[in-house]
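Peer 1: Okay, so the sequence shown: first residue is 26 according to our numbering, each after it adds one.
There is no bait here: all hints are sound.
Label pairs and their in silico Cβ distance ranges:
hint, residue 1, residue 2, range
1, L187, S29, 32 to 42 angstroms
2, L39, Q100, 29 to 39 angstroms
3, L41, S158, 34 to 44 angstroms
No lab work stands behind these hints: they were computed from the structure.
In this text, a Cβ means the ideal position worked out from N, Cα and C, and glycines have one as well.
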Amino acid sequence: MNPSTLIGMLASVLLLAIVLFFSADDPRMYVDWPSLGIVLGGTLAATFLSYPLKEVFRVFSLMATVMRNERMYTQNDIEELVQISKLWINGDLHAVERALENVTNPFLRTGVQLVIDQTPEDDILDLMQWRISRLRAREAAEAQLFRVMANFAPAFGMLGTLVGLINLMSLLGGGDMRAIGQQLGVALMTTFYGILLANLVFKPVAVKLERRTETRVVLMNMVLQGISMMCERRSPSLMRETLKSFMAHHEDEIFDGRLPGKIGEKPVAVPGRVR
Numbered sequence: 026m027n028p029s030t031l032i033g034m035l036a037s038v039l040l041l042a043i044v045l046f047f048s049a050d051d052p053r054m055y056v057d058w059p060s061l062g063i064v065l066g067g068t069l070a071a072t073f074l075s076y077p078l079k080e081v082f083r084v085f086s087l088m089a090t091v092m093r094n095e096r097m098y099t100q101n102d103i104e105e106l107v108q109i110s111k112l113w114i115n116g117d118l119h120a121v122e123r124a125l126e127n128v129t130n131p132f133l134r135t136g137v138q139l140v141i142d143q144t145p146e147d148d149i150l151d152l153m154q155w156r157i158s159r160l161r162a163r164e165a166a167e168a169q170l171f172r173v174m175a176n177f178a179p180a181f182g183m184l185g186t187l188v189g190l191i192n193l194m195s196l197l198g199g200g201d202m203r204a205i206g207q208q209l210g211v212a213l214m215t216t217f218y219g220i221l222l223a224n225l226v227f228k229p230v231a232v233k234l235e236r237r238t239e240t241r242v243v244l245m246n247m248v249l250q251g252i253s254m255m256c257e258r259r260s261p262s263l264m265r266e267t268l269k270s271f272m273a274h275h276e277d278e279i280f281d282g283r284l285p286g287k288i289g290e291k292p293v294a295v296p297g298r299v300r
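Kindly produce the complete structure, drawing on both the sequences and the hints.
Peer 2: Here's what the structure looks like:
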């Protein structure tokens, strides 16, 4: 399981436990099935009305994706590109084809195959950039699905609140305090469930999917750069260092947080920095 997802789930359970056991005399008062049914049922109904059936059913597989600890194998892709580039520069086409059979990244495999097929570089880059754009658009739509659900859930929470208040008004004259309390509970609990689902389930899943897409796009752009350098028959060593820079993590590209060094008694000026 993804460690951050696991930590988030545990933190959510801890938060709910504190709310249930330390802020109420009876934790069961927070369990109201009609209220939960209004929020979940309304959210699902609105989602089915908004999206095609196939896309709505992908909610379950996307939830599994968020739970899974997905590895990118970036270093492996870099080494495969460098090794294939060496073979390509040496003119060993058969060795390149044999090495290509062991490549597990389909995006990388497609790019290398186009190179050895003597496809013009501009056509290769256009095709691969189109595939990056398509992946970005598809996965952005998947994240948007959860953002839409996050908007629906509080809205149906408010709908349940209105239903409870309307029923409450009809009971005020009768003096049945038990029935009045039940309707008031429905009115408040639907809003509680709506806010809870939106902010602890739907929005976090959407953010996690968006971050996953950003990481995948960076990896695909790295492969794209490697294919471009392979087309130009650039040095494999230069390719390795260039591709590593795509995945390097720098807190700040122009300043590392240290004071400028000194030569003798004079501080060394940092070019381009405004003092």
